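Protein chains in written order, with the numbering used here: chain H, 232 to 684; chain F, 19 to 294; chain P, 711 to 1011.
Hints are computed from structural coordinates only; laboratory data are not their basis.
Possibly wrong hints are sitting among the right ones.
[Said to hold, decoys possible] Listed next, the in silico DSBU-like pairs over lysine-lysine satisfying Cα-Cα at most 35 Å (straight line): (1) H:Lys664 x H:Lys548; (2) F:Lys149 x P:Lys719; (3) H:Lys481 x P:Lys773.
Predicted, not measured: the structure shown is a model, and the values here were computed from it.
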Amino acid sequence: MKKKLLSVILTAAMTASLLMGCGGSADTSAPSSDTSASTEEKADTADTADTAASGEVQEITWMFWDDLNATEDLISKGYAEVIERFNKDYEGQYHVTPITTNLEEYYTKLNALVAAGETPDVFICSPGANMNDYALTGVAAKLDDYLADGWKDTFTSDAVFSGSTYPDGIYAVPLNIAAACVFYNTEMFEAAGAEVPKTFTELLDTCQKLQDAGYTPITISAGTAWCLSMVAGYLCDRNGLVLDDVKEHKTDWMDEKVINAGLQIQELSKYFQKTAAGDDNDIATAAFYNGEAAILIQGSWAIGQINGSCAEGFAEKVGVFAFPAVEGGNPDANRVIAKSDSLCMSATTKCPEAAVALMKYFTDDTAQKYTAEVGGKIPVTSVEYDTSVAPPELAYVMDVFRNASSTFGFYNESLADTEAGSTFDNCFVEIFKGTDPATALQPIQDYYEMNVW
Amino acid sequence: MSTQSKIIKGIIYVFLTLLALVYLLPLLWVVITSLKDDAVLMISPWALPERPMFENYSFAWTMGNLGRSTWNSFVVCTITLVLSMVFGSMAAYAIAILRWKLANATMTYFLIGMMIPVHCVLIPLFIQFSKIGLSNTLTGIIIPYITISLPITIYILVGFFQGIPRELFEAACIDGCSVYGMFTHVALPLAKTGFMVTGLMSFVANWNELLLAMVFISKEAKKTLPVSLTKFVGPYNTNYCQMFAAIVLAIIPTVVVYCCFANNIVDGLTQGAVKG
Amino acid sequence: MDKLLRNKKAILLFIAPAFILFTAVLFYPICRAVYFSFCDYKVNYPIKFVGFKNYVLLFTKDKTMRIALRNSLFFLIFSCVSQLIFGLLLAALLTNIKFGRNLFKNIYYLPCVLSSAALGLLWMFVFTPKLGINQMMASFGWISDCTEGPQWLFNTDGYIILPIIVISVVALWQYVGQSMMLYMAQISGISNDIYEAAYIDGATKTQAFVKITLPLIRPMVATAMSLNAIGSLKFFDLVYNMIPEGFLGNRAHVLATHLYDQAFKYNKLGYGSAIGVVLLVMCLAVTLFINKVVKCENYEM
Chain H
232 MKKKLLSVIL
242 TAAMTASLLM
252 GCGGSADTSA
262 PSSDTSASTE
272 EKADTADTAD
282 TAASGEVQEI
292 TWMFWDDLNA
302 TEDLISKGYA
312 EVIERFNKDY
322 EGQYHVTPIT
332 TNLEEYYTKL
342 NALVAAGETP
352 DVFICSPGAN
362 MNDYALTGVA
372 AKLDDYLADG
382 WKDTFTSDAV
392 FSGSTYPDGI
402 YAVPLNIAAA
412 CVFYNTEMFE
422 AAGAEVPKTF
432 TELLDTCQKL
442 QDAGYTPITI
452 SAGTAWCLSM
462 VAGYLCDRNG
472 LVLDDVKEHK
482 TDWMDEKVIN
492 AGLQIQELSK
502 YFQKTAAGDD
512 NDIATAAFYN
522 GEAAILIQGS
532 WAIGQINGSC
542 AEGFAEKVGV
552 FAFPAVEGGN
562 PDANRVIAKS
572 DSLCMSATTK
582 CPEAAVALMK
592 YFTDDTAQKY
602 TAEVGGKIPV
612 TSVEYDTSVA
622 PPELAYVMDV
632 FRNASSTFGF
642 YNESLADTEA
652 GSTFDNCFVE
662 IFKGTDPATA
672 LQPIQDYYEM
682 NVW
Chain F
19 MSTQSKIIKG
29 IIYVFLTLLA
39 LVYLLPLLWV
49 VITSLKDDAV
59 LMISPWALPE
69 RPMFENYSFA
79 WTMGNLGRST
89 WNSFVVCTIT
99 LVLSMVFGSM
109 AAYAIAILRW
119 KLANATMTYF
129 LIGMMIPVHC
139 VLIPLFIQFS
149 KIGLSNTLTG
159 IIIPYITISL
169 PITIYILVGF
179 FQGIPRELFE
189 AACIDGCSVY
199 GMFTHVALPL
209 AKTGFMVTGL
219 MSFVANWNEL
229 LLAMVFISKE
239 AKKTLPVSLT
249 KFVGPYNTNY
259 CQMFAAIVLA
269 IIPTVVVYCC
279 FANNIVDGLT
289 QGAVKG
Chain P
711 MDKLLRNKKA
721 ILLFIAPAFI
731 LFTAVLFYPI
741 CRAVYFSFCD
751 YKVNYPIKFV
761 GFKNYVLLFT
771 KDKTMRIALR
781 NSLFFLIFSC
791 VSQLIFGLLL
801 AALLTNIKFG
811 RNLFKNIYYL
821 PCVLSSAALG
831 LLWMFVFTPK
841 LGINQMMASF
851 GWISDCTEGP
861 QWLFNTDGYI
871 ILPIIVISVV
881 ALWQYVGQSM
891 MLYMAQISGI
901 SNDIYEAAYI
911 DGATKTQAFV
921 KITLPLIRPM
931 VATAMSLNAI
941 GSLKFFDLVY
951 NMIPEGFLGN
961 RAHVLATHLY
971 DQAFKYNKLG
981 YGSAIGVVLL
991 VMCLAVTLFI
1001 NKVVKCENYE
1011 M
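All chains should be built: construct the whole structure from the sequences, respecting the hints.
Rendered as structure tokens:
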């Protein structure tokens, strides 16, 4: 009898806790549903009303993928200054608290916060597949109304918004642009009698000359997927691949243009440093900074590193050129891979005014001047900056960027979704390791057949 | 016989020493690297630094806010340790010593908790906790830590309780001990080693736990040590040397605590836990 | 005695705190995860129930899953066997020496107290062709150039690829201290009288170990082995930190990294949960198997 009683109690406890759980689940299951959103809104308006009446400081949060104190990244340091400036200027009215994680856990944490209804008021996000998850789902707010008051006119062109423009409006504000360029060691080029190449054949030629002169022609990391993928993206584009055509299934990944790009990677890989397969990005870039290799294909954030942590006098030796054209490929060889740090605003922010004010601080003249002069990235507004202070490489990158007919994103961020991007990266790593392109590209073809087309 | 055994002893010691080197050299490398700067690290990773960069340590300590996060980690891990021990040993006693039909089933039920990766429960757990306002508090990570430590604590302690000879309980029973008395006077003292081992394991696991703490804690003042260590990983490059300095700083308290505890374990043991 | 141990109130009192805490905090999210595994669930998007779709995809279409399963099973077998052998060996050696026992034990256990993330980074440096072991081998003249040696973390030939073997050895290095500790704790719990009696009967130390120690620590072998098995199936940190992403995508996935990528990198929480459930079932099966085979007696005395 007693035994029975016990088991009954235990089962009861178990079911009770389960029911408790399920009861709780009813409202957690739809974090972005209308009901919860509207209750939050009500609470929000009540909150703002309270604040307005009492004159309390409006707290907002800003989420970013690097620690603002421990960082050595010059752009991150610039952001830290913006935050400090904002908090000082708006003292007593608004106050922003940064939430920082490292890049690896950034989207995990952001997604968790969103799911729990604690979306940060302003958060950084990469345009492309990542941003889709916030812009298309109503997590991020549409910004057109805020941009319309003349803010948008301060930007260099509408093109800077291309990554964050969706059919119904603009969902993010870019802060700076990094363009993927080819950095080279002018000293080595001179010693080897090499010229800046305009076409892919010339590039191979240049590499051969460098190799004959005893230098490592190109340093690249195949261990960090996006590095190799950047070159792959350029080659696909130079061969004339149009990503939208792939998306709409007008062509596929077995297209001759992609296969060609693969073959070209294999040709080029003869000139990579021997340890390319195993080096990660830090090690590969260090080989260029240490003067071991002649060419580094990298985003323009490298400028900050070259001027920040390299040996004295190295920065003067560095030249920049645009990725060469492919003969018989895309006639427009002036397209540039560009990536921007962009800010989204939460659709459920309690105080859009404060959030917008903060975003404006990131794009004001002081911040943009810093971006160019110290950070070495391309500013998004038409700010006047002191070219004599700015790192010499920035001028070259600016030349490349000004000559660009149009920009396109990193391939791994511009495909149908993040998984497609990773699949693309992996395919090109396989190609780099010597697999026949048609075989190596099968996974991305399969992925599109299953999930996209 | 005696020369032979001496030779065997010698071989054993040589083997143990070589193995110890395999363990110590990589860790020594971490310490050496923490005194270099990144540029040198990339050129000659194994060389000694020309001039030890102690500023890496001061940078790591101040910029990583390590003082605060060490304290947080310490608070979190200690509370977790005590509570998971108390709850765990009670449950283990009930499962291993007390007699009821569902003991086995309950054990398996707890074991499930050990088997699911924390990644799977992260988001549901976070939603649940932030609903009751526990996100961004130390309590908010202490509770999951206790719960995650429980299955392994129970599992190991059950093993230790089962190893206690039954006669001891019978003797206690004859002496008029109640079921509660047997717990405090027989089971707990005799499973001392078990407590040391499980305590160490859960303390260490929680001391190093990153993902949950990373997601649950946004406030700078509440960050735990592993979260602070990730500060040196930037989006485009990593400050390896400063990170290693921070890692060394993070290790020191664990090693100190561990050395104090670990020796106690063996001392307590060799006297023979089972004197009865 | 028996009546005392069947005291229902006491049982309830002892089991309740752990039971309630566990059920509320962990078991409920696990149930949610199981439910998600039957859904198309992406954070920010509405949840859609899809039945067994995730599982069907997982077992029929997902090539990475096959690789991950294979690698995880390799980890499982390798770590169970190697940790048993080396753990017992170290425990046996250490209990038989007096001088420096604590020192050696502390040294071998040390990596267990360090974070896997930091150690993963350290070992990544060691096995990077340009920086680590290969350079050392080159300076000894064993290989002509640091690029000639084995591609420790990047060789993708063979059924079980070299990186997976390298990582399992590193895992053995890191975790063998744990097994050793558990065995030592149990061995020193064995009463000295038994050994003395055996020695009087003329038994050697080896005989005593095989005939007395091994049978007496059998329950702990089961415990330590189950812990190893579960740990190696859930194995994540070292793989994630030592293998660069580009290579991880192809051949070096294990179940937990596949789960992480699917759930967080690609925001497919439902699919990730399905992998988690598979993992859970495998862990349960392995634990039950080990307890059946290694440990004879039941939980009840």
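### Query
Failing hints, ascending?
Violated hints: none at all, because every hint is consistent with the structure.
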